[in-house]
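Chemist: Guided by the hints, dock chain B onto chain A, whose structure is given.
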Amino acid sequence: MQSATEIAPDMPALATETLRVSGLSLARGGIELVRDFSLELSPGDAVLMSGPNGTGKTTLLRALAGFIRPDAGEIRFGDLPPGEAAADYLGWLGHADGLKHNETPRSALRFWADLTGQSRKAILPLMRGMAVESLIDRPASRLSRGQQRRTALVRVALSNRPIWLLDEPAGPLDGGGRARLAALVAWHRARGGSVIAATHQLLDWPEAKRIDLGAHR
Amino acid sequence: MNALGAVFAREARLAWSGGGGAAGPAAFFLAAITLAPLAIGPAADLLSAVGPGIMGFAALLSVLQSADRLFGDDHGDGTAELYLLSGVSPAWLVLAKVMGQAAATLWPLPVIGCLGAMMYGVPVQPALIGALALLAAIPALSLIAGFAGALAAGIRRSGLLIALIATPMMVPVLIFAAGAGRTAFEGDERAVANLLFTLAVSLGTTALAPFGIAAAIRSRLG
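Top line first, the protein sequences correspond to chains A and B. Mapping the first sequence onto our numbering, position 185 (from 1) lands on 185, and the numbers just tick up by one. Mapping the second sequence onto our numbering, position 101 (from 1) lands on 101, and the numbers just tick up by one.
For reference, chain A alone in the conformation it holds in the complex (with noise of 0.2 Å):
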């Protein structure tokens, strides 16, 4: 089992922000999916976010980093809406990793701490976290499904953003993944971050809360 202590890249300070969600109702498709949300993740918290399929898991997170308007309520990063906030507090992980499947992870990622303004140092060490390393240069087209996820995952981390949305990150993980995924996100909350993620799995993060999805209908 990997210990938070292991990951530890050298980065800038995180910072911190709440996250309140209050009255939030979302729909798709003229079906009505989210009723009268309300949360408040504050730094260090984690939730997990669970039901079956078609509650509205993914919507949901899509709508806090702004790429669907909720049909009322309200989303705040501190004072500030999604749509001015997402990009300089969420780390995001979709449905899709994000990976170019003629693109070595190395490449891959020091794109993306060009792109967000993050050092190229942390790179090694968060794959090291994610036990990925080796694989550093080797095609996405040639990697597992799960060595795409823990990619992904080392991306989401490098962009050093307090808030975590995370869309079923365990799902193609094996028991390894998980624990190294569970001692990312540990690491990430020591840090002042904060982590929502939406998983079918029992995924055990100490003192996260859970959310069932099911009962907000």
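Worth double-checking, as some hints may not be accurate.
Said to hold, decoys possible - If you want the footprint, here are the derived chain B segments under chain A, 3+ residues with CB under 8 Å: (1) 24-33; (2) 161-168; (3) 183-189.
What the hints assert, rightly or not - Residues from chain B shown here face chain A by an in silico Cβ test under 10 Å; the list is partial: (4) Asn2; (5) Gly5; (6) Ala6; (7) Leu46; (8) Val50; (9) Gly53; (10) Val88; (11) Ala215; (12) Arg218; (13) Leu221.
To be verified - Here are a few chain A residues that face chain B, going by a calculated C-beta distance under 8 Å: (14) Ala86; (15) Ala87; (16) His95; (17) Asp97; (18) Gly98; (19) Leu99.
Just so you know, the hints here were simulated from the structure itself, not pulled from any lab data. Keep in mind that this is a model prediction, so the values were computed, not measured. Even glycine gets a Cβ: it sits at the ideal position worked out from N, Cα and C.
Modeler: Okay, now just chain B, sitting in the frame of chain A:
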């Protein structure tokens, strides 16, 4: 490296390593200008008269040929979401992306256009002016193709939609770019005016299209 430079370099690198780089559009362009005389007939006068026009027309088609991948791939693999959350202005980002892709894949078009026109019997000077016009047209053509591709991203059989959206928007740049080569062949001094108009359309498209592409990407994610 600054953010926009990183986008430009990555797009050029990805185009080389995965998409065959410039080979796709170049092969398409060559095939089109090789086949056209077989359909038109061997009359030398006729071929040299239509040469500049065929070059402009075939260049347009070869730009359209890869338009579905430019933003369709980003939409499918999750890159588009990450771009919008990157903190870099989306309009600048897509401009760097389209230009990186164009620099890596479309540079042979003016070269083939010039040589192709000469093989059709067009004298050197008008052939060169036609090639310059193609070079000036590339920003407009690739940004319009990118705009149509961004609107159609994630739609099945997006090629049909892209052709319907992009073709009418490419009319002015085709008229001026092909017109530059044609009027130069006829010894008309309007060739330079046509060339400048092509450049003007490209500059105008460069100023406006990135906002349209950014809005299209955002709406396709909603």
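Chemist: When the hints from earlier in the document are held up against this structure, which numbers fail?
Modeler: Hints 1, 2, 3, 7, 8, 9, 11 are the ones this structure does not satisfy, whereas the remaining hints hold.
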